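Could you build the full structure based on these sequences and the hints that come with them?
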Amino acid sequence: MDKLLKQFLTVAELNSLSHAATRLFISQPTLTHNIKKLEDNLGVELFVRSSKGMALTPYGELLMEQTRIMQRVHDNAMEKLAQLKVKRERGLRIGVGMAWWHLFFRDLLQDYRRENPTAPVHVDIGNHLRSMDQLLCGDIDLFIGHEIVGLNERAGAVFNPLFQAFDGCYVRAGHPLLAQSSCSLVDLLAYPHLDVTPDEARYTQVLDNLALKQAQRERYYVPERVVWATNSMTAGLDILRDSDAVMTYTNVLADYFAQQGVLPLPIEEPQGPHTVGLYVLAERADDEHIQHITRLIQQHVASAPFISQVTL
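For the sequence shown, the positions run 1 to 312 when the UniProt record's numbering is used.
I should point out that these hints are in silico values taken from the structure, not numbers from a laboratory.
Quick caveat, the model's predicted, so the values are computed rather than measured.
Please note: incorrect hints may appear among the correct ones.
Pairs of lysine to aspartate or glutamate, EDC-like flavour, derived with a Cα cap of 16 Å [what the hints assert, rightly or not]:
#: 1; residue 1: K36; residue 2: D75
#: 2; residue 1: K80; residue 2: E39
#: 3; residue 1: K213; residue 2: E115
#: 4; residue 1: K6; residue 2: E65
#: 5; residue 1: K213; residue 2: E200
#: 6; residue 1: K52; residue 2: E13
#: 7; residue 1: K6; residue 2: D111
#: 8; residue 1: K213; residue 2: D195
Simulated restraints, written as ranges between beta carbons of each label pair [to be verified]:
#: 9; residue 1: K3; residue 2: G91; range: 33 to 39 Å
#: 10; residue 1: M70; residue 2: G138; range: 33 to 39 Å
#: 11; residue 1: I69; residue 2: R154; range: 44 to 50 Å
We put the CB at the ideal spot given by N, CA and C, even for glycine.
Pasting the structure below:
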């Protein structure tokens, strides 16, 4: 709001030049000069000066009424601008599975940073149950991962599908099972199961049907096999290359794993398809910021090289 009008309003509310000058952190002579300047600009007398203080004239009363309205409009505009700036600059808080980071999210993040150079970014790489816990706690705004089977319908999260992909079973080069033209899931019984970013018991409270999760593991005979687990893909690949363990992971990373000396087994049974998508809080599904990030992710998925290997 105009400086002279702001000073006028302060004098009018306090009925005192000296008190107004103190509140405004300016000298009384400066304030007196500015009030006189405002009166000259308007061509009317705003105050009647007396030993009792500053009394408003009819012109002054009208100006005070209108100035208060202007002050409210100004304050409201500043607040809305601040809110918009926070919304635009609040940044990206997202959970991403390692596969999706490698396949498209790394490139997406580079584009996002170029478009929003001052916006903060937090990317958490991890298991989808952990990401769901973070989403419900407000630590992240959304996450990309496999659809969670057995998720409690009252959890308050909405799933937006992106694509469907199959799993594959991966082993080191020279693994005994690679000598076969084909193999079955039952053949895995003789080899350790490598679990990368496994489900953690403390996050299973978001599930209301643990049997569905257990059925997924039983399909690979995991309860009957030796299990090695790690939360690091780097460590997992080292373990895989140094042992006869078998790792189950999405087949869209087959080319990446081949570069790491890890190859897919010729499994006879189909392993999927599994739906991959975005989870957001139901109460924030219509949030402009969330929708913007969602559109950005959909665009990058549609143009990513791996898209020919999946079903939309």
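**Prompt:** Is 33 to 39 Å right for how far apart the beta carbons of K3 and G91 are?
**Reply:** holds (35 Å)
**Prompt:** Under the criterion that the straight-line Cα-Cα distance not exceed 16 Å, is the pair K213, E200 satisfied?
**Reply:** Holds - the C-alpha atoms of E200 and K213 are around 12 Å apart, at most 16 Å.
**Request:** Could you say whether the range 33 to 39 Å given as a hint is met by the Cβ separation of M70 and G138?
**Result:** Holds, at about 38 Å.
**Prompt:** When you check the alpha-carbon spacing of K6 and E65, does it fall within 16 Å?
**Reply:** holds (13 Å)
**Item:** Hint check for R154 and I69 - Cβ pair distance inside 44 to 50 Å
**Value:** holds (47 Å)
**Prompt:** Can the restraint linking K213 and E115 be considered satisfied, given a maximum Cα separation of 16 Å?
**Reply:** violated (40 Å)
**Message:** With the threshold set at 16 Å, check whether the alpha-carbon distance from K52 to E13 stays at or below it.
**Reply:** holds (14 Å)
**Request:** Please work out if K36 and D75 have their alpha carbons no farther apart than 16 Å.
**Result:** violated (26 Å)
**Prompt:** For the pair supplied as a hint, K80 and E39, is the alpha-carbon distance within the 16 Å limit?
**Reply:** violated (32 Å)
**Restraint status (C-alpha distance of K213 to D195 at most 16 Å)** = holds (14 Å)
**Prompt:** If you draw a straight line from the CA of K6 to the CA of D111, is it 16 Å or shorter?
**Reply:** Distance ~44 Å between K6 and D111 Cα, so the pair is violated.
When the structure is compared with the earlier hints, violations turn up for hints 1, 2, 3 and 7 and for no others.
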